[in-house]
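Peer 1: Sequences are here, hints too, so could you generate the full structure?
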Amino acid sequence: MKFSCIYVEREVRDTPRVKEILQRVSDTAVVTIERYGEVFNRRAQNFRLQKKNPALILAKKHGNLVLPAPPGYGFDADASFYFSHMYNCVYDCRYCFLQGMYRSANYVLFTNYEDFADQIAAAGQGLLHPVFYSGYDCDSLALEPVSSFIDFFLDWFSAQPRLTMEIRTKSTQVRGLLQRQPLDNCIVAMSFTPQTTWQRWERKVPTIEKRLDALSRLQQQGWPIALRFEPLIYSQTFRQEYAELFATVFDRLEAADLHSVSLGLFRMPKKFFSDIATLYPDEPLFARRYNHRDGQVNQLPEQELEMQNQVQELLFRYIDKRQYYHCA
Amino acid sequence: MDASPLSTLSSLPEVPGVAPEPVTGRVNLVVALGCEARPLIRHFALRQQRVVGGLRVYGNNRGLSLLVSGVGKSAVAAACGYLAGLQQQQSAEQAAWLNVGIAGHGRRAVGDGVCINRVTDFASGRISYPPVLVDPGAPQSQLVTVDDPETVYADDAAYDMEGSVYLSTVTRFVTSELCQLFKVVSDSPDTPSHSVTESVAAGLIESRLEAIDHLVTRLNELAADYNAIYRRPEEVSRLLERFRLTVSQQLQLDSLCRRYRALTGSRLDRQLDLNTIGSGRELIRRIEGMLPLL
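Heads up: the sequence lines are chains A and B, in that order.
Under the working numbering, the first residue of the first sequence carries the number 8, and numbering increases by one thereafter.
Under the working numbering, the first residue of the second sequence carries the number 12, and numbering increases by one thereafter.
There may be inaccurate statements among the hints.
Unchecked claim - Only some residues are given here: those of chain A computed to face chain B with a beta carbon under 7 Å:
hint, residue
1, SER11
2, CYS12
3, ASP34
4, ALA36
5, VAL38
6, GLY44
7, VAL46
8, GLN52
9, LEU56
10, ASN60
11, PRO288
12, PRO291
13, ALA294
14, ARG295
15, HIS299
16, ARG300
Claimed, not checked - Over 10 Å on every C-beta distance to chain A, these chain B residues come out as not near it, computed from the model:
hint, residue
17, VAL121
18, GLY122
19, LEU256
20, ALA273
21, GLN282
Hint data in this document are derived by calculation from the structure and do not stem from the laboratory.
C-beta atoms are modelled at their ideal positions from N, C-alpha and C, and glycine is treated no differently.
Peer 2: Here it is as structure tokens:
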């Protein structure tokens, strides 16, 4: 993987993990910085131009590293949390809210994994089966060859059977998982959209076929896997597109063995949407009519209802309703 | 440039009585000295377009401008501010900027070309990080901008007298991705700056023309991409000539025209019968009704 430059916070510069990471990308210029915000949050940045050649920032995350998951986000009624070891994603999905959330397209990798683990343990204390979602502000696996993030956390979660981790991803970097014994409490959740959406809006994302191949190998080896069909973006031919997608997916995977399957509609906070629309004034996705209400941008109510109902009905041809949840 | 006994304009030919021309470059080269400008003028086939005070602006018909700013922070601030203001008056297009010059360096050899990824203003301690989006095929380096000629070269960094203020001035006008710096090492602990003559400086820039040319080409593409995305649609200007709109309505019109183009691939004004629209408010309402759902 190539980066335009690597910025390293002075505080982590001499840690073993950062040294290892720098060895993996030894042909890239390294600049020492004090805090990642100097580069990541500076003024006069254009996310779209930066996305052409992003830099990597290695930093230490301070404060609350583990946060309660938004209501309705996950699959379990038990307490759930999310954590972000990274900001931004190596993929370039046009619908992604991260484009409106951050000024910079550079990747920030927080390398103090041990602090994340400590806070996960603390958050899970006294709870029966808490769930921890990884991949909310990034892709959990896509930078694995550089970060070894999952490698660390699989080791850690293997000793914490009461805690569950969802590894949310669109990546096919599953070699590290395939080299291990499966863990019942680590679920690989892969996101999919129909072929037309992938072609139009998911730059750099592996093909559906490649992702299914990775998932199929994980499933055959005994890893719990889950499917996340999101974001659902309305089109006049969505029913046909999802019928084809589900036929392809469930031809490759054993539906009865899936941990869970969810659907989630395309929506985002109004401020993010407005910033992304300014960034991409030529993008039809943001030129459409939307419903703006209570600080959120949603697809039109009749579109949402029609799509949610019909895609759900198609999905239930393959899976048991008990495996399903709707992601709010 | 690093401070050395070089003068700003002495090596440039005088062109008396030059009539001002529009300066609408898509890449602006900024150099401190005439001797740094000379090889660039020749290579890019530039000709003098304006002389204002101590400033000279050169250009060619391929969208390249070159500004000879003079040495030091205040000179480069004034020069870049002047050119940016001038260009904004003449065109809504954004230019990319490239500061080229000779510099001292604490570690690198004389003649090395470096792309700058961190700029420290020595006097204020202020640090900036120009994004290095364009790979010139040259190594990257930090830069320290000093007020007086550097003689110690303490850090593994380049030393100049303009870079920090060039960056802070230009990024008031353009996004930081369109603002880069490229330095050619002219002096070092082993080769002090007083040995750098005008012909040496010109030779050093000349020796790195390939990298500079590559940077200019890529920055030109980047600026072209940027302008293609963000320039105001023609139809907005046409409609504004015909209808009197408030500032808020103008913004609405701009947004609606872009959305219509994005959704349909065509210009909105061609679908409107303008003779049937009596006011700006009606124009906005009519256009809103024309936007397709998807």
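Peer 1: Any hints this thing doesn't respect? Which numbers, in order?
Peer 2: 3, 6, 15, 16, 20
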